[in-house]
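Participant: All chains, full assembly: derive it from the sequences and hints.
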Amino acid sequence: MLFKKLLRTIWHYKAQFISMILMVLLGVGVFVGFQGEWKSIEVDTHEFYASTGFADYRLVSETGYSEEDMNKIASIQGVNKVSRYVSVKTNETKENDVIAVTVTTNFDVSSFIVTKGEEYNASALNTIWMSDLYAKANDYHIDDEMTLKYGAISLTGKIKGLIKSSEYLICTPGENQMMPDYKTYGFVYISPEMYKQALGGFELYPEIHAISNLSKKEFSEAANEKLGKTNLILTKNEIPSYSEAQGEASEGKTMASILPVVFLGIAVLIMATTMQRLTINEKTQIGTLKALGFRDSRIVKHYTLFGLFIGVVGSVLGIGFGYFIAWFIFNPGGSMGTYFDLPSWAIHMPWWTFLVVLGIVGFMTLISYISAKNMLKGTAADALKPFTPKAMKRLKIEDSKGWRRLKFATKWNLRDLFRHKARSGMTLFGVFGCTVLLIASFLMMDSMVGFVNKFYYGSMNYESQISLKEDTTNEKALEIATYYNADYSASTNVSLNEEAIAMDIYDINHDYVRFLDTNMNYVNLKDDGVYVGQRLMESNHLKIGDTFTVSIFGSDTTYTMKLTGQLRTLTKGVVMSKKYADEKGIEYKINQVFTNTKKDDISAHSDFISTIKSRNDIIKSFDSFMEVMYTMIGALIVLSIILGIVVLYNLGTMSYFERYRELSTLKVVGFKDKKIGKLLITQNMWLTVVGFILGFPAGIGITYILMKALAAEYEMMLIFGWMTFLIPVVLMFGVSLFVSWLVARKNRKIDMVEALKVPE
Amino acid sequence: MGLIEFKKVSRIYQVGDHEQKALDNIDLDIEEGKFIVILGPSGAGKSTLLNLLGGLDSPTNGEILVEGKDISKLDNNSLADYRASTVGFVFQSYNLIPTLTVFENVSLVKEIVKDPLSVNEMLNEVGLEDHKDKFPSELSGGEQQRVSIARALAKNPKILLCDEPTGALDSETGAMVLKVLLNMARNYHKTIIIVTHNQNIAKMADTIIRVKSGHIREVIKQDKPLSVDEVDW
Chain Y
1 MLFKKLLRTI WHYKAQFISM ILMVLLGVGV FVGFQGEWKS IEVDTHEFYA STGFADYRLV
61 SETGYSEEDM NKIASIQGVN KVSRYVSVKT NETKENDVIA VTVTTNFDVS SFIVTKGEEY
121 NASALNTIWM SDLYAKANDY HIDDEMTLKY GAISLTGKIK GLIKSSEYLI CTPGENQMMP
181 DYKTYGFVYI SPEMYKQALG GFELYPEIHA ISNLSKKEFS EAANEKLGKT NLILTKNEIP
241 SYSEAQGEAS EGKTMASILP VVFLGIAVLI MATTMQRLTI NEKTQIGTLK ALGFRDSRIV
301 KHYTLFGLFI GVVGSVLGIG FGYFIAWFIF NPGGSMGTYF DLPSWAIHMP WWTFLVVLGI
361 VGFMTLISYI SAKNMLKGTA ADALKPFTPK AMKRLKIEDS KGWRRLKFAT KWNLRDLFRH
421 KARSGMTLFG VFGCTVLLIA SFLMMDSMVG FVNKFYYGSM NYESQISLKE DTTNEKALEI
481 ATYYNADYSA STNVSLNEEA IAMDIYDINH DYVRFLDTNM NYVNLKDDGV YVGQRLMESN
541 HLKIGDTFTV SIFGSDTTYT MKLTGQLRTL TKGVVMSKKY ADEKGIEYKI NQVFTNTKKD
601 DISAHSDFIS TIKSRNDIIK SFDSFMEVMY TMIGALIVLS IILGIVVLYN LGTMSYFERY
661 RELSTLKVVG FKDKKIGKLL ITQNMWLTVV GFILGFPAGI GITYILMKAL AAEYEMMLIF
721 GWMTFLIPVV LMFGVSLFVS WLVARKNRKI DMVEALKVPE
Chain G
1 MGLIEFKKVS RIYQVGDHEQ KALDNIDLDI EEGKFIVILG PSGAGKSTLL NLLGGLDSPT
61 NGEILVEGKD ISKLDNNSLA DYRASTVGFV FQSYNLIPTL TVFENVSLVK EIVKDPLSVN
121 EMLNEVGLED HKDKFPSELS GGEQQRVSIA RALAKNPKIL LCDEPTGALD SETGAMVLKV
181 LLNMARNYHK TIIIVTHNQN IAKMADTIIR VKSGHIREVI KQDKPLSVDE VDW
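Line by line, the protein sequences are chains Y and G. Quick note: the first sequence uses the working numbering, first residue 1, plus one each step. Quick note: the second sequence uses the working numbering, first residue 1, plus one each step.
Among the hints, erroneous ones may be present.
PhoX-like mimics (lysine-lysine), calculated; alpha carbons at most 20 Å apart, straight line [what the hints assert, rightly or not]: (1) G:134 / Y:401; (2) Y:94 / Y:5; (3) G:114 / Y:674; (4) Y:160 / Y:94; (5) Y:584 / Y:562; (6) Y:411 / G:132; (7) Y:89 / Y:613; (8) Y:411 / Y:421; (9) G:114 / Y:675; (10) G:134 / Y:407; (11) Y:411 / Y:390; (12) G:110 / Y:674; (13) G:110 / Y:678; (14) Y:672 / G:114; (15) G:73 / Y:672; (16) Y:89 / Y:229; (17) G:134 / Y:411; (18) G:73 / Y:749; (19) Y:393 / G:134; (20) Y:672 / G:110; (21) Y:396 / G:132; (22) G:7 / G:21; (23) Y:749 / Y:672; (24) G:7 / G:69; (25) Y:407 / Y:672; (26) Y:421 / Y:393.
It should be emphasised that the hints constitute simulated quantities derived from the structure, not laboratory data.
Facilitator: Below is the structure:
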């Protein structure tokens, strides 16, 4: 019988039940979804690394490693698998695309998985295994023939398999390009036999890849001892396909640990208030059951089921919704799909997410339990009495001079707010929370847009960026730079405290490349030292005026340099002027030329040009990169608005029902619906104003924390644009006004006769 | 023609599958300035009659003329105007706004009526001038009902409608409240209509209307109604 009552009560309070379930659904959904996003990246990429033998350590030497060297490394205790490896950028003859030709001597290390076609064969000649995404973008099919050129060396083979490799999980050629563009850049694998044949029987493997559980120190010491020389050793954390993917996961983790937690907090707290109020509304019924002879424990159990029901239904739906959100952000067809080339896009959740959800169900059940217990306090007669809110007391502000001059509506609303402190507080908290979410989301967006604008439309002050082929001499590069009236740079990888970083040397005479200081102002490079970004300064505990030493990959050469300034950079690296580099005797190879000549007008010296990118190409690529972030923020904004609507509607309805009798009285006395509606709207707008004023700085604070936490990924600063100020104001007040109007409309339906029958 | 006329008024409620006739085709004529008591058992239809007259509810059929104007045809806003200007209500459960003080509860009417009576004067009349800054929860039941009377009269309505005004009070307090109510109504020349079970109150009325099962059974005019003090409470 009580079960029937349970179902009917749920039906009776369907609006509240639906809104509570919606709140749990949204809170749990956003929480679960954002946790799923980073966890899926982490698990799916690691499964990919494992299935393709992604190396833990890479020894790099320009002169290459012999098979004997490799065997020596293999003999180190704690090293499981090794392979000699080469990846060299070649040009495809049809479109002149850049293709990284890759060879691994041991297929258990740094290899690939076949998605279509023939399996790998280490002795196959004239056989190419091609990136499936490159093949798709360029209309290559199995059994098509292709020719690749590297200087005088030419490689021709038939495509026998389409593949994916974790080495190219993020398939970019570097050179400022942050997003893969399979139309112009891809990779292929060939067998060691074919490689040997192409080099005319000669072998050059500049890398040894090793899978090992040893620490970097242990591995380095053992490797150097075995090979009898100091080697440049890179850990997987220094390889973009690993570090950037894990960076993306950690960025998601940071996001997920702040904003969705705020989101969940709002939903659960407001849900708890609603649950408690609902039990209060049921007080007379609780009393009736008690008076009839039902035991307290049975009644409590009955009412506890409400919380359990909402918790379970909301959480189950929320988990489903969470999986959808995770999929929405992390799917091969979305923005993430243009960044990662993964074989599996399965959604994974951290195990503790389910514990948190279980905790929420428990919390809601507990709230119902406590609320029902409170209603049962005292005798059956006490329980039978309807709940009366606390008697009104004079407010302190009533002693002020201005109080008497206040309008009736103002007094009424003020006193009501203070009389129903919990409800008012929760509404305030709801507005506050949604404001925080909106401000944080838009401020993030503004900061990113601001940074991108400053960087791409200011720092990149050129029309085209020309990448030179690897075999271009500095003399030739200077000739090209002069021909195109260009600035140029030389980029190479160096090691700073055993971390691989970029070293960029610029010769700027035309202001085509500009640099941003910490305050986002453009600065010219001084010639008395080098510049680094915030991340490098922090990770190496550097301050301006310090000196530090970098070593060149593949050689024993080191350079000690002075830190003269801090820049905001996209890449982790050292930046210096050519003059300072010359002064320090740094050897470099010019590989980038920046010119104001349009991409289509660049044809001279084409034999030495690897790729030409217009500024728009680069911006487009970065835009796609930022899209991942935009998708997450966009989803958060939309869900924040929905949460705001549900929260405000729920609390508004609650307030309306609690004041039903008062509103009926006003109506009986002769107040018109419009006037009563205005009373209700005014109160909500007050709360919105206060909540917004409190939420605004809090939103900035949260964004600041978020930016700090994301500093490992982006070197951004808070930039306040019009979006931060205008859109949240319009959205929050729009939502509040809309919801208040919806609630206020209800007073048309007040049944004065029924309302006033109820005894106080 | 009287101040109020009911012409073949019915109020039928749909309860599940069947219809319930709360009032069935009644005719009634009430003169201005009189004290009317509507008597009847529970479910007789007396509160329905009062609600229809107060513009809280609309009849299913028939016309309700107040000062010659048919209020059964009014829309929501016009009904609100009617309630604001023509009728004042006193309920058994007082229906004061708990978040407003005594003074403010009475002042409420200033929001909707152009020329209300003085709030202070009304509070003096009901003997609550010393309690005007108190909240309803700080008053006794009788005091709350007097605030409710002051509020109803402050609008300066033609008709005062009272639904069991002493129903929640002990007999002594009830008598005191009735005295205040009648004195004020007479001082300000109001038509008072009280719905009650209480036969004693009927002894003070100019007219007694007995209602049963949705019909008017009897209309008794009393030439010499008793005063509050003459009634044995």
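Participant: Indicate, hint by hint, whether the structure satisfies it.
Facilitator: Each hint tested on the structure:
1. G:134 / Y:401: This hinted pair holds, its Cα atoms lying about 18 Å apart.
2. Y:94 / Y:5: The given pair, whose Cα atoms are some 76 Å apart, is violated under the 20 Å limit.
3. G:114 / Y:674: holds (18 Å)
4. Y:160 / Y:94: Given pair residue 160 of chain Y, residue 94 of chain Y holds - Cα atoms ~18 Å apart, limit 20 Å.
5. Y:584 / Y:562: The given pair, whose Cα atoms are some 10 Å apart, holds under the 20 Å limit.
6. Y:411 / G:132: Status holds; Cα separation ~15 Å.
7. Y:89 / Y:613: holds (17 Å)
8. Y:411 / Y:421: Holds - the C-alpha atoms of residue 421 of chain Y and residue 411 of chain Y are around 15 Å apart, at most 20 Å.
9. G:114 / Y:675: With a Cα-Cα distance of about 15 Å, the restraint between residue 114 of chain G and residue 675 of chain Y holds, given a limit of 20 Å.
10. G:134 / Y:407: holds (18 Å)
11. Y:411 / Y:390: Cα-Cα ~18 Å, so holds.
12. G:110 / Y:674: Since the Cα atoms of residue 110 of chain G and residue 674 of chain Y sit roughly 17 Å apart, the hinted pair holds (cutoff 20 Å).
13. G:110 / Y:678: Given that 20 Å is the threshold and the Cα spacing comes to 17 Å, the pair holds.
14. Y:672 / G:114: holds (15 Å)
15. G:73 / Y:672: At roughly 17 Å apart (the allowed maximum being 20 Å), residue 672 of chain Y and residue 73 of chain G satisfy the hint.
16. Y:89 / Y:229: violated (28 Å)
17. G:134 / Y:411: Since the Cα atoms of residue 134 of chain G and residue 411 of chain Y sit roughly 14 Å apart, the hinted pair holds (cutoff 20 Å).
18. G:73 / Y:749: holds (18 Å)
19. Y:393 / G:134: Holds, because 9 Å separates the two Cα atoms, which is no more than 20 Å.
20. Y:672 / G:110: holds (14 Å)
21. Y:396 / G:132: holds (18 Å)
22. G:7 / G:21: With Cα atoms ~16 Å apart, residue 7 of chain G and residue 21 of chain G stay inside 20 Å; holds.
23. Y:749 / Y:672: holds (12 Å)
24. G:7 / G:69: Roughly 12 Å separates the two Cα atoms, so the pair holds.
25. Y:407 / Y:672: holds (17 Å)
26. Y:421 / Y:393: Satisfied, since the Cα-Cα distance of roughly 13 Å is no more than 20 Å.
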